[in-house]
Amino acid sequence: AQSVTQPDIHITVSEGASLELRCNYSYGATPYLFWYVQSPGQGLQLLLKYFSGDTLVQGIKGFEAEFKRSQSSFNLRKPSVHWSDAAEYFCAVVGPNNDMRFGAGTRLTVKP
Amino acid sequence: KAGVTQTPRYLIKTRGQQVTLSCSPISGHRSVSWYQQTPGQGLQFLFEYFSETQRNKGNFPGRFSGRQFSNSRSEMNVSTLELGDSALYLCASSLLAGVNYGYTFGSGTRLTVV
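Chains as they are written, first to last, in the numbering used here: chain B, 1 to 112; chain U, 113 to 226.
There is no bait here: all hints are sound.
Just the calculated beta-carbon pair ranges, DEER-fashion:
1) B/Q42 to U/E164: 20 to 30 Å
2) B/N98 to U/T192: 21 to 31 Å
3) U/K125 to B/Q71: 42 to 52 Å
4) U/S191 to B/L56: 40 to 50 Å
5) B/S39 to U/G152: 17 to 27 Å
6) U/N183 to B/E15: 36 to 46 Å
7) U/T126 to B/D54: 45 to 55 Å
Derived pair list, reagent style SDA-like, types lysine to any residue, alpha-carbon separation capped at 20 Å:
8) B/K49 to U/G214
9) B/K111 to B/G16
10) B/K49 to U/L207
11) B/K49 to B/N24
12) U/K169 to B/N98
Just so you know, the hints here were simulated from the structure itself, not pulled from any lab data.
For glycine and all other residues, C-beta sits at the position ideal for the given N, C-alpha and C.
Just chain B, same shape as in the assembly (with noise of 0.2 Å):
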């Protein structure tokens, strides 16, 4: 069945430092995928969505997320983290039932 697993349940990463947060799915064709932020007490923001065509995608607030079929990845990735960026981050595949499937949950801390 259709999921996603994001294997880091907390990182920590210093402010301006790269950031990449890792996502594997299982699916038999190509995906939909997505990644959403959330902070806390508020609801999901999409950052960026995957369908087909360039396995590179770019999203808000400068983040980019690269499709890799031979790694069944979607990771995440922004160059310089700021410190608003501290929140929780999901990936999610769209399931059989036409639902969104999310992983657990990264939850990102910056360091000033």
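Let chain B serve as the given structure and place chain U on it in line with the hints.
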């Protein structure tokens, strides 16, 4: 334009009671989906409504139900509340049915069952 509005933001109920949560989608959006978020189970799909019809349903007991009105506003009802129903309930809207183009989420309703 206004985003997805969920009311109330916070709710405290007693076991055995029932609760109704409300969601107003972005103007023009016709699809509304509901998700439950808990620390233990993460984000789980409850159901999706499009044009007043339930299109999909997740793996939740019948105590969880919903409906959608002609103006696309949606309500979710949980009857006979259990402690395990304590969660953040998120509503998401999209222009068309299905999730392929991504959702816009509301800020959620935090339900605490005591």
